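Trainee: Position chain F relative to chain U; hints supplied.
Protein chains: 2
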Amino acid sequence: MKVVVIGSGAAGLTAASNIRKYDEKAEITVITREEYLAYSPCAIPYVLGGEIKSFESIIMHEPEDYKKKGINVVREAEVYDIVSHENKVEYRVKEEEKEINKSVQYDYLIIATGGAPFIPPVEGINLKGVFKVRTIEDGMKIRKWAENIKNAVVIGAGAIGLETGYELKKFGLDVVVTEMLPQIFPRSLDPDMALIVQKYLEGQGVKIVLGNPVGKILGEEKVETAVVGDETLKTDMVIMATGVRPQVKLADKAGCKLGRWAVEVNEKMQTSIPNIYAVGDCVEVVDAITGQNTLSPFGTTAVRQGKVAAKNIAGKDSKFNPVLNSSVSQIGAVEIGAVGLTETAANLNGIEVVTGKIKALTRARYYPGCKPIYIKLICNSEGRILGCQIIAKETVAERVDTMAIAISKGVTCNELIGMEFSYAPPLSMVVDPFVQAAEDACEKLKNNTIE
Amino acid sequence: MKVVVIGSGAAGLTAASNIRKYDEKAEITVITREEYLAYSPCAIPYVLGGEIKSFESIIMHEPEDYKKKGINVVREAEVYDIVSHENKVEYRVKEEEKEINKSVQYDYLIIATGGAPFIPPVEGINLKGVFKVRTIEDGMKIRKWAENIKNAVVIGAGAIGLETGYELKKFGLDVVVTEMLPQIFPRSLDPDMALIVQKYLEGQGVKIVLGNPVGKILGEEKVETAVVGDETLKTDMVIMATGVRPQVKLADKAGCKLGRWAVEVNEKMQTSIPNIYAVGDCVEVVDAITGQNTLSPFGTTAVRQGKVAAKNIAGKDSKFNPVLNSSVSQIGAVEIGAVGLTETAANLNGIEVVTGKIKALTRARYYPGCKPIYIKLICNSEGRILGCQIIAKETVAERVDTMAIAISKGVTCNELIGMEFSYAPPLSMVVDPFVQAAEDACEKLKNNTIE
Numbered sequence: 001m002k003v004v005v006i007g008s009g010a011a012g013l014t015a016a017s018n019i020r021k022y023d024e025k026a027e028i029t030v031i032t033r034e035e036y037l038a039y040s041p042c043a044i045p046y047v048l049g050g051e052i053k054s055f056e057s058i059i060m061h062e063p064e065d066y067k068k069k070g071i072n073v074v075r076e077a078e079v080y081d082i083v084s085h086e087n088k089v090e091y092r093v094k095e096e097e098k099e100i101n102k103s104v105q106y107d108y109l110i111i112a113t114g115g116a117p118f119i120p121p122v123e124g125i126n127l128k129g130v131f132k133v134r135t136i137e138d139g140m141k142i143r144k145w146a147e148n149i150k151n152a153v154v155i156g157a158g159a160i161g162l163e164t165g166y167e168l169k170k171f172g173l174d175v176v177v178t179e180m181l182p183q184i185f186p187r188s189l190d191p192d193m194a195l196i197v198q199k200y201l202e203g204q205g206v207k208i209v210l211g212n213p214v215g216k217i218l219g220e221e222k223v224e225t226a227v228v229g230d231e232t233l234k235t236d237m238v239i240m241a242t243g244v245r246p247q248v249k250l251a252d253k254a255g256c257k258l259g260r261w262a263v264e265v266n267e268k269m270q271t272s273i274p275n276i277y278a279v280g281d282c283v284e285v286v287d288a289i290t291g292q293n294t295l296s297p298f299g300t301t302a303v304r305q306g307k308v309a310a311k312n313i314a315g316k317d318s319k320f321n322p323v324l325n326s327s328v329s330q331i332g333a334v335e336i337g338a339v340g341l342t343e344t345a346a347n348l349n350g351i352e353v354v355t356g357k358i359k360a361l362t363r364a365r366y367y368p369g370c371k372p373i374y375i376k377l378i379c380n381s382e383g384r385i386l387g388c389q390i391i392a393k394e395t396v397a398e399r400v401d402t403m404a405i406a407i408s409k410g411v412t413c414n415e416l417i418g419m420e421f422s423y424a425p426p427l428s429m430v431v432d433p434f435v436q437a438a439e440d441a442c443e444k445l446k447n448n449t450i451e
Numbered sequence: 001m002k003v004v005v006i007g008s009g010a011a012g013l014t015a016a017s018n019i020r021k022y023d024e025k026a027e028i029t030v031i032t033r034e035e036y037l038a039y040s041p042c043a044i045p046y047v048l049g050g051e052i053k054s055f056e057s058i059i060m061h062e063p064e065d066y067k068k069k070g071i072n073v074v075r076e077a078e079v080y081d082i083v084s085h086e087n088k089v090e091y092r093v094k095e096e097e098k099e100i101n102k103s104v105q106y107d108y109l110i111i112a113t114g115g116a117p118f119i120p121p122v123e124g125i126n127l128k129g130v131f132k133v134r135t136i137e138d139g140m141k142i143r144k145w146a147e148n149i150k151n152a153v154v155i156g157a158g159a160i161g162l163e164t165g166y167e168l169k170k171f172g173l174d175v176v177v178t179e180m181l182p183q184i185f186p187r188s189l190d191p192d193m194a195l196i197v198q199k200y201l202e203g204q205g206v207k208i209v210l211g212n213p214v215g216k217i218l219g220e221e222k223v224e225t226a227v228v229g230d231e232t233l234k235t236d237m238v239i240m241a242t243g244v245r246p247q248v249k250l251a252d253k254a255g256c257k258l259g260r261w262a263v264e265v266n267e268k269m270q271t272s273i274p275n276i277y278a279v280g281d282c283v284e285v286v287d288a289i290t291g292q293n294t295l296s297p298f299g300t301t302a303v304r305q306g307k308v309a310a311k312n313i314a315g316k317d318s319k320f321n322p323v324l325n326s327s328v329s330q331i332g333a334v335e336i337g338a339v340g341l342t343e344t345a346a347n348l349n350g351i352e353v354v355t356g357k358i359k360a361l362t363r364a365r366y367y368p369g370c371k372p373i374y375i376k377l378i379c380n381s382e383g384r385i386l387g388c389q390i391i392a393k394e395t396v397a398e399r400v401d402t403m404a405i406a407i408s409k410g411v412t413c414n415e416l417i418g419m420e421f422s423y424a425p426p427l428s429m430v431v432d433p434f435v436q437a438a439e440d441a442c443e444k445l446k447n448n449t450i451e
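Those sequence lines, one after another, are chains U and F.
Heads up: the first sequence is residues 1 to 451, going by full-length UniProt numbering.
Heads up: the second sequence is residues 1 to 451, going by full-length UniProt numbering.
By construction, these hints were calculated from the structure, which means they are not laboratory data.
Be a bit skeptical, because a hint or two may be false.
Note that identical chains are pooled: a pair holds if it fits in a single copy or bridges any two copies.
Straight line, CA to CA, 30 Å or less: simulated DSS-like cross-link-like pairs of lysine-lysine [stated by the list, open to error]:
{"hint": "1", "residue 1": "K444", "residue 2": "K311"}
{"hint": "2", "residue 1": "K68", "residue 2": "K359"}
{"hint": "3", "residue 1": "K393", "residue 2": "K371"}
{"hint": "4", "residue 1": "K446", "residue 2": "K316"}
{"hint": "5", "residue 1": "K359", "residue 2": "K316"}
{"hint": "6", "residue 1": "K393", "residue 2": "K409"}
{"hint": "7", "residue 1": "K25", "residue 2": "K69"}
{"hint": "8", "residue 1": "K94", "residue 2": "K25"}
{"hint": "9", "residue 1": "K234", "residue 2": "K216"}
Since the model is a prediction, treat every value here as computed from it, not as a measurement.
If we strip away everything but chain U, and leave its shape as in the complex, we get:
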């Protein structure tokens, strides 16, 4: 069996490794544009701020690791066509300073072309000192540029923008993060929760400008100012953290059906062409709450999809479930997590919801080191939990995972109150913050019924 994988992100490499796990004899080829393999793009901001010592340390595997597994990795190669009726991938690669066209046959093809940064078409985008944050090379360039400057403007206040902004501030720059929408974390948090994080960031000296898109970037040879709404921000660097778009061009060329957002796949991660699978940021998936198609550009989704595709190709039955899009981010000392539907998204989708909201503590109140925790539960009119947002200085990722299981198993607020939460004074409250939030929601649900 010949398997070709296009792309060396988490989805592509997981798929390749898992095919090897199930099939010792498969001929596996990974073709990638990149020079560095198997690194963690989510870690780039933390190298900038010095939390992680070097870019080298976020590379999880070297090409040799794959060679040992019998996986042939072709790096710095550009796939320019997929000829699906001939089961053939055509690519261009440099050998001894020359560009050579090559092709490879497949029985199964896995498209894992990922996402590319979306760069809004504004004036000055090509000036020196304008960067994106996607690859390890981007990170290296940003770090180098940051060494001799004073100011940075980050466009986009999602996780990557805020993490990068905070870390550059920590590195010593004066930082402004701007966002087109009127709140930070516009996709994962509701405005009330976003405000808690915003205040923390402002307290740390990161300036936030909301409700305006970047207008233009000005400068002679290099960036000098960024115009955002009414504000003209003097700056030595602009970082575009304006989101990522699925890269679907190759899948389209191959004749794979595209959906509203990205490559369409079934629950086996199979495209409309039976021997072509697609995984990772380039595909669209089903939202577990709304039932509508959506994107899920997360490393964990990529890994799960890579495993599912590999299993199916290896003849084992495996399905990828609809997503809740669990996410977590660390900004300075604060952890921000979300899973499922926000109140904002519920309103947009016409889903009537009630929320439970509390400020509690991560440990017994008398225990030194206990920290405030903010939880917002979103549930439907029957009390079923549809989403959750959590902000605290510890334990957020694990709490998001707890809610991911609760939401996917249809747990109600009332049921949650009756559930067991472990307790020891150094580690938790005797009445868990989730239970307190669920009790708040139940109280409101009860009041709703009386109305």
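Mentor: Leaving out everything else, chain F in the frame of chain U:
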């Protein structure tokens, strides 16, 4: 409505406060032996070691707090009879140096008499320098005695014994913890997991002696040696952490039916006498996995039961669910958690199980501060998760809670692999340790099928 509560632990006080929440007019009386109210007994070891500054700080509420809520608390009173056919509680209380017998009528009675330390009937148990660890007074006595001595022996290597042993070592004593059974944490951990904690404790200088009960305690006026198996341990103090027994005498006197272990209650927390409820450490409950009656001597159980009893008495329908007995403990830098069935208990109950076991990390491996985490999943032959044990230096309590929900909702290992776990390098691994453990279990299940 007149409600009398006997006992001022978490169960009794939660019941009293919740009745007030639902019924502004109820006459509520709490009768307790204790002087101090509403403190956290689980916190006592941490005061001994100095983690928590004072015993005063673990008192959550003062008598005045209850008075303000219109709850009459009678302290330092001994209930000596319940005359259930007259709906009357008889108690003895000291007033102006005199013991006076009093009685109080009830419409509903809540028995929350808790548990009493089980002290094995060995020679020397009444010598000076022998202590139990149950009440805040016990804690105060231990701390005072510990000030001018060098050695301590703790009998019993459950959570309380080990926490106390470690904290006394931290306080500056030479400490030996002894256990009758051949492992520490004999109820919540399997031997393989217990050994990880044992090695940590030994590394911290706490001596552990296993597989022998305490034989006798010797000394002239005060403790001088403890004989445990072949070993004669020279010591200035002996702490009996040999478990807790439900206090059922009053319930029995009232005519409430007793079960195998403690007071029998239905899922409303009602005893065999309809207007008498019982909650907390004095009742027995149903084990969610085996379906058999068991004990659940945990603060969180007590709180949930107190709420359930209060709701039912207030005319609202509420049920207490079968238990998984989630528990977590902090010993030095290590957190130890468990939920559901152990492999040992499965074997005792004739339940065939497969385990998934891994050592992973709490954060991305390149992220500074990531720590080892040990997870053991216990699942039945269909892959359904029945229990989990976790040891790490962070995030254990929240992970136990995640598994509590997964187990109570019947999640299988295979299902767990497909579930979402949030990821950010500073906070988690891209393939969550739970997923790694579940994959290990699935691998074994698959192999079992082939056999």
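Trainee: I want to check one pair: K94 and K25. Are their C-alpha atoms no more than 30 Å apart within a copy, between two copies, both, or neither?
Mentor: Within one copy only: 28 Å inside a chain, 85 Å across chains, cut-off 30 Å.
Trainee: At most 30 Å between CA atoms: does that hold for K446 and K316 within a copy, between copies, both, or neither?
Mentor: Classified as between: cross-chain Cα gap 13 Å, same-chain 47 Å, threshold 30 Å.
Trainee: Is it within, between, both, or neither for K25 and K69, if the alpha carbons may be no more than 30 Å apart?
Mentor: within (11 Å within a copy, 74 Å between copies)
Trainee: When Cα atoms must be at most 30 Å apart, do K393 and K371 count as within-copy, between-copy, both, or neither?
Mentor: both (7 Å within a copy, 17 Å between copies)
Trainee: At 30 Å max between alpha carbons, let me know whether K359 reaches K316 within a copy, between copies, both or neither.
Mentor: between (46 Å within a copy, 27 Å between copies)
Trainee: How would you classify K68 and K359 at a CA-CA limit of 30 Å: within, between, both, or neither?
Mentor: For K68 and K359, only the inter-copy Cα distance (24 Å) is at most 30 Å; the intra-copy one is 51 Å.
Trainee: Given a CA cutoff of 30 Å, do K444 and K311 count as a within-copy pair, a between-copy pair, both, or neither?
Mentor: For K444 and K311, only the inter-copy Cα distance (17 Å) is at most 30 Å; the intra-copy one is 45 Å.
Trainee: Checking an output row: K234 and K216, CA cutoff 30 Å. Within, between, both or neither?
Mentor: Cα proximity of K234 and K216: one copy only (12 Å, versus 80 Å across).
Trainee: With 30 Å as the alpha-carbon cut-off, assign the pair K393 and K409 to within, between, both or neither.
Mentor: both (27 Å within a copy, 29 Å between copies)
Violated hints are absent here; each numbered hint is respected by the structure.
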